[in-house]
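My request is simple: use the sequences and hints to build the entire structure.
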Amino acid sequence: MNTASKDKTLASLADFHDEAPLVTGNLKFHDITELVSSHTEKKTPLAWYGAFSLALVGLMLLLIMIAYLFWNGTGVWGLNNPVGWGYAIVNFVFWVGIGHAGTLISAILFLFRQQWRTAINRSAEAMTIFAVICALVFPTIHVGRVWAIYWTLPLPNQMGMWPQFKSPLLWDVFAVSTYFTVSLVFWYVGLVPDIATLRDRATTKLRRMVTGVLAMGWTGANRHWRNYEKAYLLLAALATPLVLSVHSVVSFDFAVSVVPGWHTTIFPPYFVAGAIFSGFAMVVTLLVIARKIYGVENIITVDHLEKMNIVILLTGTMVGFAYITEFFVAWYSGVQYEQYAFTNRMFGPYAWAYWTMMSCNLFFPQFFWFKKLRRNITFMFIISIFVNIGMWFERFVITVTSLHRDYLPSSWDYYTPTFVDVLTFVGTFGLFFTFFLLFLRFLPIVAVSEVKGVMPEADPHFYDHEGDGHDAAHAVNVNAGQKQ
Amino acid sequence: MLNQLATEVKASMSIYDAQEDEVYGLLAEFAHPGELLHAAAAVREAGYKHYDTHSPFPIHGMDKAMGLGNSIIGWITLVGGITGLSLATLMQWWMGAQSYPIGISGKPFFSIEPSIPIMFELTVLLAALLTVGGMFALNGLPRPYNPLFFSKNFLRVTDDAFFLHIAASDRRFDMSSTEAFLKGLGASHVETIHDREEEDGV
Chain A
1 MNTASKDKTL ASLADFHDEA PLVTGNLKFH DITELVSSHT EKKTPLAWYG AFSLALVGLM
61 LLLIMIAYLF WNGTGVWGLN NPVGWGYAIV NFVFWVGIGH AGTLISAILF LFRQQWRTAI
121 NRSAEAMTIF AVICALVFPT IHVGRVWAIY WTLPLPNQMG MWPQFKSPLL WDVFAVSTYF
181 TVSLVFWYVG LVPDIATLRD RATTKLRRMV TGVLAMGWTG ANRHWRNYEK AYLLLAALAT
241 PLVLSVHSVV SFDFAVSVVP GWHTTIFPPY FVAGAIFSGF AMVVTLLVIA RKIYGVENII
301 TVDHLEKMNI VILLTGTMVG FAYITEFFVA WYSGVQYEQY AFTNRMFGPY AWAYWTMMSC
361 NLFFPQFFWF KKLRRNITFM FIISIFVNIG MWFERFVITV TSLHRDYLPS SWDYYTPTFV
421 DVLTFVGTFG LFFTFFLLFL RFLPIVAVSE VKGVMPEADP HFYDHEGDGH DAAHAVNVNA
481 GQKQ
Chain B
1 MLNQLATEVK ASMSIYDAQE DEVYGLLAEF AHPGELLHAA AAVREAGYKH YDTHSPFPIH
61 GMDKAMGLGN SIIGWITLVG GITGLSLATL MQWWMGAQSY PIGISGKPFF SIEPSIPIMF
121 ELTVLLAALL TVGGMFALNG LPRPYNPLFF SKNFLRVTDD AFFLHIAASD RRFDMSSTEA
181 FLKGLGASHV ETIHDREEED GV
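Residue numbers (our numbering), protein chains in the order written: chain A, 1 to 484; chain B, 1 to 202.
Heads up, none of these hints are tricks.
If you anchor each label on the Cβ, the simulated ranges turn out as follows:
| # | chain 1 | residue 1 | chain 2 | residue 2 | range |
| --- | --- | --- | --- | --- | --- |
| 1 | B | S105 | A | V210 | 49 to 55 Å |
| 2 | A | W355 | B | Q98 | 49 to 55 Å |
| 3 | B | S105 | A | Y407 | 15 to 21 Å |
To be clear, the hints were calculated from the coordinates, so they are not data collected in a lab.
All C-beta atoms in this analysis are idealised placements derived from N, C-alpha and C, irrespective of residue type, glycine included.
Set out below in structure tokens:
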């Protein structure tokens, strides 16, 4: 592969499949297994305990804030009369959006045969699941009477009542819970062969029992791979429209209303692009750190990060384009209230939030036009943080600026979050990192079997290039990895 | 007849019956995916039916080499999707228009447009769950006990080793000639797998 791509013959140039190797550092199959699995088997590093304690503090904070909220009611939040939807919906949309990158990487890039996804899909999918858990916290605690939250489900009850299926909020319940369930099973299916790897390497009885149960007796049989691969493809095909539908349904929460600033048909695609944008930024933030700590820079290479930065550039520009389109439509509609809502966004009391959003989402990602900058680890890390902030502010701007100036000036007000709002949001990061650190500690963070499958050595025809069917040079290479 | 069918279904899941002398099959190791692919094609041509290859990742072209057709899992997905769609439609119609009709802004109690999101979500949900469930069922998983696990060498199957297993339940199986045949295909190591013996303290 290496030598073939260096020869600039016409044939090698014409072969568009022949891209730069996905795994660098001349690693063998066994090296990949070793590199990824050893991190789950070694003694827990002290730094992990440090990070985990910090995450647990955040989680405790979340639980305390939720308890405080339940005891006192939603009055402890900064909600006021025109702004009846504040941090809870902002944070909900923020976390659901982050989740979308994981599904995009695992499903959509799979359907497009983007083999570079194999290095990052496992951690991105884990991020999806944990982000959706964080998201689900908010609608649950936001209902006020939390003990009645199960009314959103179509469960038979003594009142003879059923949920109202014409409400976008109920669509949300179905969309997000379906999204969570499908993401979880998709993730688990991908994990089975890798948990089998951990099982076969297990040295203690406890590890063998736990991984043995989770791996379900996987033996890598081809009769199993046949159904497995087909099922994986079908799951990807199901998850692709699903991920697009989830944020569309989330956007219906706003778009189906008649509030100026919300009532717009551009919302579904604009929300989906924003979700992918924020999610990729979060993946970059997390992986820049994780690949360093885990020493898997040869598997999650700068090329992978660069590709993600290109997606950030693309979707960031799409989101910026949507911001501008909204203004155009408000002006073109000729509706006074629409026009006011958008002028107020840009120059009103929340102008600071608006310009934070604009600069973080539209302006900063434009630096990624430069190849040097999008391959610079420190730089991309800083930009990804900006994007995370910017996308949170996008939801804040949409929610709060549209509400705080009602049709009647007498009911205008300014929304300020209370400490409970802020600390609850901070606490969800604790929840997220508690799960994410447990994942980093106990599960293979890279899809081992998938990475092996995209290496050139995995192609059975890799070995018959020399014409005799037994390529001595390559055979030595592969055997070298097997000696233990 | 029914027993025969059960044996064949189990064989499609890579589950085989051991012989009376507890011999389960022969496990041959090959150096790389290329050799395994050629060996699988040769084993098939020799007329064996109860055999399988084991590898750390799916090998491109192996289904064809082993003469396996397309997986039927797609039909299970279809059944799941249709069930989900019907369920969502029926549920929204019955709950919203029959059991508990409630007037909201003069909208009809049931109409297609506002029902689409939930129809779509339940279609995907049931299709996905049935796909996963169906995949494990077709593979005969979970299967905690497998005689192949007695082989210490086989532990490397999820790492970097490539195996071909011919089950003793195959009609053409013969201890000595099958072993010679596998060695002739270039197997670096052939080992006999016994069923129901004590695990020798790993």
